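Following the hints, put chains U and Y in place on chain P, whose structure we already have.
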Amino acid sequence: MSAHADSPPFLRHQFDDVLQQRTSAALGMWAFLLTEVMFFGGLFTAYTVYRYWYYPEWDQASRQLDVYLGAFNTFVLLTSSLTMAFAVDSAATGKQKALRRNILLTLFFGIVFVGIKGIEYTTKWEHHLVPGSHFEWHGMSGLRVPAIELFYVFYFIMTGLHAFHMLIGFGLLFTLWIQARMGKFSPEYYTPVEMIGLYWHFVDIIWVFLFPLLYLMDRS
Amino acid sequence: MSDHSFQVIPDMASNFSMDVDILYGFLVAVALIFSTLICVLVIGFGIYYRRGAKVDRTIETHSNVQELIWASVPFVLVMIMFSWGAVVFFDMKTPPENTLDIEVVGKQWMWKIQHAEGRTEINSLHVPLGQAIRLRMISEDVIHSFYVPAFRLKQDVLPAYFSQLWFTPTKTGTFHLFCAEYCGTEHSLMKGTVTVMDPQEYSQWLSEKTGDGPVQTGEKLFTQFSCDGCHKTDGTGNGPSLAGIFGKVRPLNGGGAAQADEQYLRDAILNPHKQVLTGYKSLMPSFQGQLTESDALAIIAYLKANSQSPAAAPASVTWNDAH
Amino acid sequence: MKRNYLNANYSIWSWLLTGDHKRIAILYLISITLFFFIGGAAAVLFRLELLTPQGDLVIPEDYNKLFTLHGVVMVFFFMVPSIPAVLGNFLLPIMIGARDLAFPKLNLASWYLYIIGGIFTLCALLQGGVDTGWTFYTPYSSTYSNTAVLSAALGVFVVGFSSILTALNFIITTHTMRAPGMTWFRLPLFIWSNYATSLIIMLGTPVLAITVMLVGVERFCHVGIFDPRLGGDPVLFQHLFWFYSHPAVYIMLLPSLGVVSELIACFSHKRIFGYEFVAFSSLAIAILGFLVWGHHMFVTGQSMYAGFVFSFISMLVAIPSAIKVFNWTATLYKGSISWSTPMMYALGFIGLFTIGGLTGLFLATMAIDVHVHDTYFVVAHFHYIMVGGAVMGYLGGIHFWWPKMTGRMYPEGWGRVSAVLIFAGFNLTFFPQFILGYLGMPRRYYVYPDEFQVLNVMSSAGASVLGLGYLLPLGYLIWSLKYGKKVGKNPWHAYGLEWETDSPPPTFNFDVMPVVTRPAYDYDTEAIEQQYAESDPQDQLTAPPPEYDLVNTKH
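Residue numbers (my numbering), protein chains in the order written: chain P, 1 to 220; chain U, 1 to 323; chain Y, 1 to 555.
None of these hints come from the bench; they were simulated from the model. Predicted model, so just to flag it, every value in this text is computed and none were measured. Be aware that one or more of the hints could be misleading.
If you want the footprint, here are the derived chain Y segments under chain P, 3+ residues with CB under 8 angstroms [said to hold, decoys possible]:
no., region
1, 95-104
2, 171-185
3, 199-210
4, 221-231
Backbone N, C-alpha and C define an ideal beta-carbon position, used for all residues, glycine too.
Isolated chain P, as found in the complex (with noise of 0.2 angstroms):
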């Protein structure tokens, strides 16, 4: 059976050594990323197709979002996935004190991004740009333009899916401080850090793309 007499204590009875263990959870995150691509994917397409439907009213209604916050936020979420890198480097060298601080910056970060986008969402629904019954216009003739109100219905999915991310990256890096003050990581083992690593260069992609998608559609 279990021929690990000798084996180290974070080897899953599963695995035969400690590369197989490494390899699979490496090529299973990425497989996992592989299917957020798709999923988001589905949306991306969705919303290129009404983007070159409507594109005059999608420009005057992305103007209406704050630039410079989603400028901002865009550094935030950047400097966040640099603080990501250090915490895998500080785990790869066995600086714990560092790593525990990386991973708190993330958390810190992510958590200003998504206090900035629960600012930008308020801001919109007293300026009645939330899709739905209390959706109001002005420029145009009568108050529901349809494809304007389609563009808050994709900006509101959009950043909507991509904060609910956020939010599991946050339960995700606060586990991960939690078992990096229990001395789980070493040089020999930091494997969780390096996968939820990934995940969160991930959501920050996403975002890379969101905001031109969404912010940038013709500032001249």
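Chains U and Y only, in chain P's frame:
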């Protein structure tokens, strides 16, 4: 309804029926041959080579030549099926010049048919034998599908977008009309009949109309809903003049241009922000909810009638003009 | 009694919190069987309604809810999980020589997601049902339907993730955890087909998830995404939906193709002819399957030229399928054929799958599709593939691996009778529907013109035979758990790592982890004939198997 003793194919009543049936026959033959071949071989081998049978079993485990053969032969056959099917399909999608245009509006759970000369029918379609007919169809609500088995034709009927179907009836009689796209509770009851008549009978039937034709209805709606308030014929109103509009090419705000065909005019009435004419602001309110698809079609008919040069759209005739 | 995965621990928590892939497979077996009979009950009811041309058994709303229930349950809660979640979960690690899948906890999570998805869908039922059809076409589903669409959409959304996690597990495990010596081309074809299936699941299911999510948002928030009155495009829904749902039919079919390869090889006692071709054909089907979704939309107003492309590629999918059928037939040639119950299912599969596949060509041929789209011809076609094909493959696999999973043999006589009943009942149910479809009877109709009645009665009669046929295995398989004959490691004289270990296997699959030194399907046809000639027929099951030393036990 024609007498139905046990049939395996429906009546053949359109110019496409024979084409489709022959193609079907070819596929049935291929399917029969291959399924019989496989069944015979499988059962045959299963019996001949059953465990305990004393037969020669010197085996091979692979043969690239055989793989090539049984990949290529099916490939050739399916390419024939594809091309043949594509050619007939192309014909189905390419109406000829001089079709008789009839408008169809589908809604839960009935078909409203409007003939250009004025006669309207519910859940039935009368057409003359031997004349190319084009149906212009739209839905008031969900997706439906206009299906006439005897013609071997169907086409989905979409909300907000026109779709079309063309055919030439080749046999008189009455045939089933079904809705073939699930559309809710009474989808099964959204059916009717297509009646193909001799041309003289059709003329007579057509002249038994009551009430206004679509052009007159459209004119009334145009005034009733104050379209002429903004769309003055001299162009001094808030909106452009609509004189001679049908078929004209319209330059749009944001670049590009569109031809003022039925779809364009329908969108202009029910979804005006979709395309705004260059030089105009997007001020026209949408009449979605106030005007039905049938109303919009009537107004389009009125605008068409007032257009001097409906040249760009594929030519259509009215029955009375041609006969 | 020797310790195995079943008797290792009897507590309920040892089952509900298990990481053992074999126990998870059994959990799935029980759940999907339950859903199968729920979906089947719906079919019984609407086939009863269709005995008469009038609507006299159920009101139209209920009829619409019944066929929707049948579709949603059968597709998402039976067909998609069946072979992967039951047979794949049980066998994949054993067949490749591993102790478990790569991610046992994720595997358990998959099952719980399945159950949660199932609960949401049953909630939809309790809320009065859903009447959109399993295809959820907009704007009917997003705007007009007054039924529990949201619950059903949520159920489908959640069960999709169950599927994705299982697929992910399978792919990683196949890549990283094969035993020493188990190279890709020594793998059983069952593994190849589950691998191809898992690829499709991972790439396609997320698109379904986002699509049903958008429909849910549209309903819940009263906004327009697919509603043309609010600027949306209902046909966009169809593109997104079929982008998953066409590959989905290959998810439902491919694992069965793998099972059939195993059955044909074992019961011809011969290597599968053209092993590499059969392996690659699974991958070809998976890839091509993603490129043909528009063949569901020839008459929706899709561009004619796009239609040509979809029709062309759809024709190409026939080729790898034909390659499999011909290779199986060539395997039978000069084999040593045993007409056991699993073999009967496999042979039935070949015939019915061939018919189903050939009728798919009718639908790929554009001009014919215009006539038969949305008619009973389509219904007949996909049931030939799904029921005549995939379900028969599933049942064949269940019977074949039943002694391995339970340590008990089912009664062979009953097995054969059921197989014949199912085959006969199936054909009587669905062959008349080809004719009905060409005659013009549309799908999803609860009333129909009188002249269609004879064929409908034949179909409903067949359905009753088919239903009986399915109930029999339910009965005798459960019976065999207590009273079935106990078996040793290899009752079928089959070749494969799963037949080298005990029946039922120990918790970690092998007493000694295997090292593989021989090619796949290294059957010795002459030897089995020799053994048969020398043995007493009564001892067929208990006679010692030919020596298949797959593993170097000096590990």
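Violating hint indices (sorted, rising): none
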